[in-house]
Amino acid sequence: MTVTDVVTAVLLLGGALSCLLGALGLVRFPDVPARLQAATKPQTLGLLLILVGTAIRLEFESAATLLLVVAFQIITAPVISQIVGRSAYRAGTMRRDDLVVDELADPMARSDLPGPARDDPSS
Amino acid sequence: MTVVFTVTLAILAAAGLLTMLRLLRGPTTLDRITALDVLVVLIVCGGAVYVAINQDGSNIPLVAAVALIGFVGSATAARLVERGERHR
Amino acid sequence: MIRRLPQLFWLTVVWVLLWGTLTPATIVGGVIVALLVTWLFPLPPMRDPIPLRPLRIAALAGFLAVDLLRSAGDIAWETMRYGSRARAGIVAVPLLAGSAHAVALLAGSVALTPGSYVLQIDRGRGTFWVYTLGIRGEDDVERVRRAMLVMQRKVIAAVGTAGELADCDRGLAAGTEKTP
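As given, the protein sequences belong to chains A, B and C, one line each in that order.
With the working numbering, letter number 38 in the first sequence gets 931, and the count goes up by one each step, no holes.
With the working numbering, letter number 36 in the second sequence gets 543, and the count goes up by one each step, no holes.
With the working numbering, letter number 100 in the third sequence gets 106, and the count goes up by one each step, no holes.
Since the hints were derived computationally from the structure, they do not count as laboratory data.
Everything numeric in this text was worked out from a predicted model, so none of it was measured.
Glycine is no exception: its CB is placed at the ideal position from the N, C-alpha and C atoms.
Among the hints, erroneous ones may be present.
[Claimed, not checked] According to the in silico footprint, chain A covers these stretches of chain C (three or more CB under 8 Å from chain A):
hint : segment
1    : 17-24
2    : 79-85
3    : 91-101
4    : 125-137
Next up, chain A with everything else stripped away, as it sits in the complex (with noise of 0.2 Å):
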């Protein structure tokens, strides 16, 4: 074992380790939006670490191809959870009894009717 096997081995199963915790995650939480933070997070960073353990056993012509779908996972995944997060607080299908504090209730019903309501002055 070389040294760029020791660094593989630990970045691939600790990538591996993270995707299971996340899958475990999506079974386990109880609505969407909980449920789309285990999708997210623990699989980005696990992808992120297996990419990398992967590119450092390659030259490095194949290692800046896996690199750059590591920036298309990192810019991609947020844009994933933000449209079905929205769509699931939309179609009702959060919790509501789950959530400890609604601050968007509030003003989401509000924002139907119209009429500007510019009371902060730092926008």
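With chain A held as given, fit chains B and C onto it using these hints.
The following block gives chains B and C in isolation, referenced to the frame of chain A:
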């Protein structure tokens, strides 16, 4: 190193099975979209491990393509659901 | 045309990285593809210039990397400890970033912080709402609000204008006064 690769792939497979469980159980379309997105990420991870085993970069375009198509698919499906909910 | 140059450059870089080889053929191919993409799908012109501060952006990237690690750990903990009894909350945070790119970067950054993502942004009202996993009481709400303000400070320091930064500091001071 073989042991490391085997264990990594086994863990990824276990994660895939759990994700499948959510995919089958739903209950909403959004749950299934989320699960599918995770499945795509797991497939990309598996592909990367395959590349690492063979130390051969010729499969990397495949990994990149799956990652990109997965994003486009999930985003499109999620937007479709959102639009459907608004029209209801 | 001049305004589109940075865009063309980045698209070409992505193309070359995808091919993984730096040869004249891939570079020319990349430029052609980039021209085609920008011609077919033109982006609306950027009204406000983006001040680029490489050091601040690097600091933000480092902060986000640590955050990603922490959030993966936090969610694993939440899964193991609470599972189906996980609790969450939606917190309103004052929006201090004004320009479109700062808001976009902010929303992306929030998605990498522990258990959170942006649910709704209302630029007119200067507020955004953050869904956060693992909220159990008022203390947590204030903790999340403060963390989001600090995050905004970092994002604006990276890509915001000097005016925005001053506004942000004022808002931050007001925010911390409200929550002793």
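Evaluated hints:
no.: 1; hint: 17-24; verdict: holds (count 3)
no.: 2; hint: 79-85; verdict: holds (count 4)
no.: 3; hint: 91-101; verdict: holds (count 10)
no.: 4; hint: 125-137; verdict: holds (count 10)
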